[in-house]
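Chemist: Can you build the whole structure from these sequences, using the hints too?
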Amino acid sequence: MSTQVRIDMHSLRELDVTWRSDRGAIKGITYPDSIAATFTTPITSGLCSPAITCQPSPFAASYPIELQSFATPRPIPPSQPLTGDAKKQFDEEKKKAAWKYEGYREFSRWMASDDDFFIIRRFQSLNANVILYMQDRIPQIEERLAEIHMNNENAPDVEKRRNNSFRWDMKHEVERDKLLCELTSLLHHYNQYVDTFSKIRERPRADKSQVTNLHEFINRNAITKKETDFAEHRPDLISINAHRSSPLGRFLETIRVIRLSSLVRAKPDPDSQVISNYTHYASDDALATLTTISIVLIGLIMLLGPLWLLEFVPGSKKRLLTITIFITVFMALMSTATINRPFEVVASSAAYAAVLMVFMQIDANA
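Residue numbers are given in UniProt numbering: position 195 of the sequence shown equals residue 195, and the series is strictly consecutive.
The hints are simulated quantities; they were obtained by calculation from the structure and are not laboratory data. Note that the structure is a prediction, hence the values are computed from the model and not measured. Treat the hints loosely; a few may be bogus.
Unchecked claim - Listed below are the simulated SDA-like cross-link pairs for lysine to any residue, each with C-alpha atoms no more than 25 Å apart in a straight line:
#: 1; residue 1: 208; residue 2: 337
#: 2; residue 1: 317; residue 2: 327
#: 3; residue 1: 208; residue 2: 108
What the hints assert, rightly or not - Quick list of the computed label-pair ranges, beta carbon to beta carbon:
#: 4; residue 1: 115; residue 2: 236; range: 10 to 20 Å
#: 5; residue 1: 265; residue 2: 68; range: 38 to 48 Å
#: 6; residue 1: 309; residue 2: 124; range: 47 to 57 Å
#: 7; residue 1: 69; residue 2: 195; range: 38 to 48 Å
#: 8; residue 1: 69; residue 2: 124; range: 36 to 46 Å
#: 9; residue 1: 67; residue 2: 89; range: 31 to 41 Å
#: 10; residue 1: 351; residue 2: 220; range: 46 to 56 Å
#: 11; residue 1: 236; residue 2: 316; range: 50 to 60 Å
#: 12; residue 1: 314; residue 2: 209; range: 40 to 50 Å
#: 13; residue 1: 316; residue 2: 346; range: 17 to 27 Å
#: 14; residue 1: 89; residue 2: 195; range: 52 to 62 Å
#: 15; residue 1: 219; residue 2: 145; range: 49 to 59 Å
#: 16; residue 1: 70; residue 2: 145; range: 23 to 33 Å
#: 17; residue 1: 163; residue 2: 68; range: 46 to 56 Å
C-beta atoms are modelled at their ideal positions from N, C-alpha and C, and glycine is treated no differently.
Modeler: Set out below in structure tokens:
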């Protein structure tokens, strides 16, 4: 007689074998009864009391979910195009009952429609807590395995204790076999957890404007208040795919007149974006172009302005003071309006100062 065991579909998606209550291995492999019997035994150890039992994840244990249908589905009223006051009245009704007409379906569509809307929590403290828990559990198993090894090493030869065979452990040293089984899964999850969370930690915090967008949608009461509490944890909120823009570009985005103007406003895509009177999309390319034009104009003013001004300033000291003021303003603009690194700001400021000093020298010689 043999027992066939399987791998559950959730673990297959994650490339991770989950040790379920039957401790299944690989689909299609059969095991003798003596080995298969261990699959129905919970994984326990002598590390603590009561003994720790490895339980399956509720998500992994729930696949596949049987799909059902309504016994008597509600009839869908015939749809007729609304116009005028009827359309306004229906829109107002939908606005007041957003929890009914929109809910999580609309919230999910809205959040996925733009990078500035997709904001979630990273759960820093909880992730650190779980990592510390696994970090503490692993050395406990390590110490217990060392105790078992020393116990077998110091046993009399007549007992024939061994430390050189996993197969022997399955029959005669069951605790070590089960501890290694737990350690296999635990180390995998620990390594994967640390690697995954380190990537999440690299993501920047959500900007103030992004959090404002989230609160504006939440305030429509489309989602139960208790389930929107995550938006109150501002230091813990991150953007899924935050785009890198210059400080000047972010400043232009905050200006409502610019954001809603036809120059940067993008037409919503009905297939991937939400068409609503409350949501407006701006073109990233248009904003980038506007930012570039603004930087060019500021650069021209900072370059041509002092050249004309120096022509009418008498005396070397006053001209030097004028150049000093313009260089200071230039460095401040380069630091706050662009994403240049400090040494790049210093290099560009030095070049700018050289141009002004050359002009001053030419004027002095004349």
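Chemist: For each hint, tell me whether it holds in the structure or not.
Modeler: Okay, the hints, checked on the actual structure:
no. : hint                   : verdict
1   : 208 to 337             : 18 Å, holds
2   : 317 to 327             : 15 Å, holds
3   : 208 to 108             : 21 Å, holds
4   : 115 to 236: 10 to 20 Å : 18 Å, holds
5   : 265 to 68: 38 to 48 Å  : 44 Å, holds
6   : 309 to 124: 47 to 57 Å : 52 Å, holds
7   : 69 to 195: 38 to 48 Å  : 42 Å, holds
8   : 69 to 124: 36 to 46 Å  : 42 Å, holds
9   : 67 to 89: 31 to 41 Å   : 37 Å, holds
10  : 351 to 220: 46 to 56 Å : 51 Å, holds
11  : 236 to 316: 50 to 60 Å : 57 Å, holds
12  : 314 to 209: 40 to 50 Å : 48 Å, holds
13  : 316 to 346: 17 to 27 Å : 25 Å, holds
14  : 89 to 195: 52 to 62 Å  : 54 Å, holds
15  : 219 to 145: 49 to 59 Å : 55 Å, holds
16  : 70 to 145: 23 to 33 Å  : 55 Å, violated
17  : 163 to 68: 46 to 56 Å  : 54 Å, holds
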